[in-house]
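Spelled out from the first residue to the last, the chains are:
Number of protein chains: 2
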Amino acid sequence: MKVYVIGIGLIGGSLARDIRRHYPEVKLFGIDRDPDHLQEAIDLGLVDQAADYSGLCDADLVILSIPVDALVCELPRVLDHAGEEALVLDAGSTKAEICQVVAHHPKRRNFLACHPIAGTEFSGPSAALEGLFEGKTNIICEVEQTAFKLQELGLDLFRKLGMRIRYMNPEAHDKHIAYVSHLSHISSFMLGKTVIEKEKNERDIFDMAGSGFESTVRLAKSSPAMWTPIFEQNKENVIETLEEYIQNLQQFRQKLVDEDFPGIFKEMDDTNRIKGILDGIPLNKQ
Amino acid sequence: MKVYVIGIGLIGGSLARDIRRHYPEVKLFGIDRDPDHLQEAIDLGLVDQAADYSGLCDADLVILSIPVDALVCELPRVLDHAGEEALVLDAGSTKAEICQVVAHHPKRRNFLACHPIAGTEFSGPSAALEGLFEGKTNIICEVEQTAFKLQELGLDLFRKLGMRIRYMNPEAHDKHIAYVSHLSHISSFMLGKTVIEKEKNERDIFDMAGSGFESTVRLAKSSPAMWTPIFEQNKENVIETLEEYIQNLQQFRQKLVDEDFPGIFKEMDDTNRIKGILDGIPLNKQ
Chain E
1 MKVYVIGIGL IGGSLARDIR RHYPEVKLFG IDRDPDHLQE AIDLGLVDQA
51 ADYSGLCDAD LVILSIPVDA LVCELPRVLD HAGEEALVLD AGSTKAEICQ
101 VVAHHPKRRN FLACHPIAGT EFSGPSAALE GLFEGKTNII CEVEQTAFKL
151 QELGLDLFRK LGMRIRYMNP EAHDKHIAYV SHLSHISSFM LGKTVIEKEK
201 NERDIFDMAG SGFESTVRLA KSSPAMWTPI FEQNKENVIE TLEEYIQNLQ
251 QFRQKLVDED FPGIFKEMDD TNRIKGILDG IPLNKQ
Chain V
1 MKVYVIGIGL IGGSLARDIR RHYPEVKLFG IDRDPDHLQE AIDLGLVDQA
51 ADYSGLCDAD LVILSIPVDA LVCELPRVLD HAGEEALVLD AGSTKAEICQ
101 VVAHHPKRRN FLACHPIAGT EFSGPSAALE GLFEGKTNII CEVEQTAFKL
151 QELGLDLFRK LGMRIRYMNP EAHDKHIAYV SHLSHISSFM LGKTVIEKEK
201 NERDIFDMAG SGFESTVRLA KSSPAMWTPI FEQNKENVIE TLEEYIQNLQ
251 QFRQKLVDED FPGIFKEMDD TNRIKGILDG IPLNKQ
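Line by line, the protein sequences give chains E and V.
Residue 94 in UniProt numbering sits at position 94 of the first sequence, and the numbers go up by one each step.
Residue 149 in UniProt numbering sits at position 149 of the second sequence, and the numbers go up by one each step.
The shape of chain E in the complex, shown without the other chains:
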């Protein structure tokens, strides 16, 4: 089996690690616009050799794990180059624009639109982890648009990685993911900003920060190059969730101003049921 990984960072590299484990006979090719990343991926053994699009005609599987702005440009080009029997799949955190851009592509049936929900706040080939996808959810969109045989190949791969599959249309995906992923990143970035801005003398304040702060602000370490295009493509949904979040914060602030502490208690007590909900989330064990 010949597998091409385009964008050999955290997600592409982790997929490469797992694919090599489950398909020992595989030959892995890496494509990345950053030659240092590509060399690092080869040195780490994530891929066997560097390649370019001219090799794609020979691929059994092509994985696009690049920022979503690059994805909308590169996906049609990759389909142009891919062979008739190749499965092309992506790992983008948005789905509507990506599905739209290839809706009428002559090789649309070679493409499977995926969002494997896994990751860490780190990036680059050295961030790649074996087993990152174990027990995680993979959202597949417009599955009916993919050739049956290629669906099977994709599902077999995700089963080997230990992923749970959920099917969803691209619009529902983008709306829901704005709440459980995109908004979390904004809340975290702005929390980090608020604290950094305030404290001229960092040493003083961060000495006081405990694991609670670290946990809440963890996502503020994430890559701006990855996240800016996600917010751009999912702008409408993200603005909506952000407005609801701001409104909830303003209501909480008003209760503090009004000294409505029974109301403050109730807000938190009602939200405590997140405990039971979170127990159902498959977590990254690292």
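Honestly, the hints are just simulated from the structure, not real lab data.
These numbers were taken from a predicted model, which means no experiment stands behind them.
Be aware that one or more of the hints could be misleading.
Identical copies go unnamed one by one, so any copy, or any two together, can satisfy a pair.
In the DSS-like style, the derived pairs of lysine-lysine whose C-alpha atoms are separated by at most 30 Å in a straight line are [unchecked claim]:
#1 K175 / K27
#2 K275 / K107
#3 K149 / K160
#4 K107 / K235
#5 K175 / K198
#6 K198 / K235
#7 K266 / K175
#8 K2 / K175
Use these hints to put chain V onto chain E, whose structure you have.
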């Protein structure tokens, strides 16, 4: 050594575990207004037996680890009952009102105002962990108001627990802690609320939640009974931090509306330096 722990939950219970480890000859007494908690603490071996305030005259060390609203009521009463040689210390997440309420108490010099910055989102005796305080920071306020010999006893205890000590005045403590702890809790509770409110069908959305969401929303599992009085006592500082946070979120929203994506990138890129800052935080390894 006779140690009385008033409030035998996560913090009191964890302190009791470590004290028993480091002072094998210790006799530990528990006081808790919840008889079930007290019995659980005895069953778990956190304390040796139940007690009440009449025993405090005999104590070498009294630890108050109760919500901060109860603390301002109980601390003067505990000092009334404590012997002349006893060290009384608290673990409250606010410091100004607590120091104020005993400022003129005849046994003020028996009291050491502490905030050991450690914890988890869980509560009750069963949440108590050995080694919870290892490598964490303990903020001590108004140390000069405590008798020299009792300062020594307190510092010896915290050294054995592996804590770093920082000295601070109560007002500075309350101002700084609002940023790195209290605001994190509000941002997390309101994030949880926003997502829960929106999604009628929880299964659909929480299937999509990954470890990023879980991390950001973790503090929303915290106890409302503990946190409501913290927000009440630190109202002024919390409102200030909350207003700055809301303002930063509104600016981010405006950049999205204006499609100022270079600005969005810069916001995140500037905040990325939280990475280096967080590397200095001693984290809970659990």
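Compare the structure with the hints numbered earlier in the document and write down the numbers of the violated ones, lowest to highest.
Hints 1, 2, 8 contradicted; others consistent.
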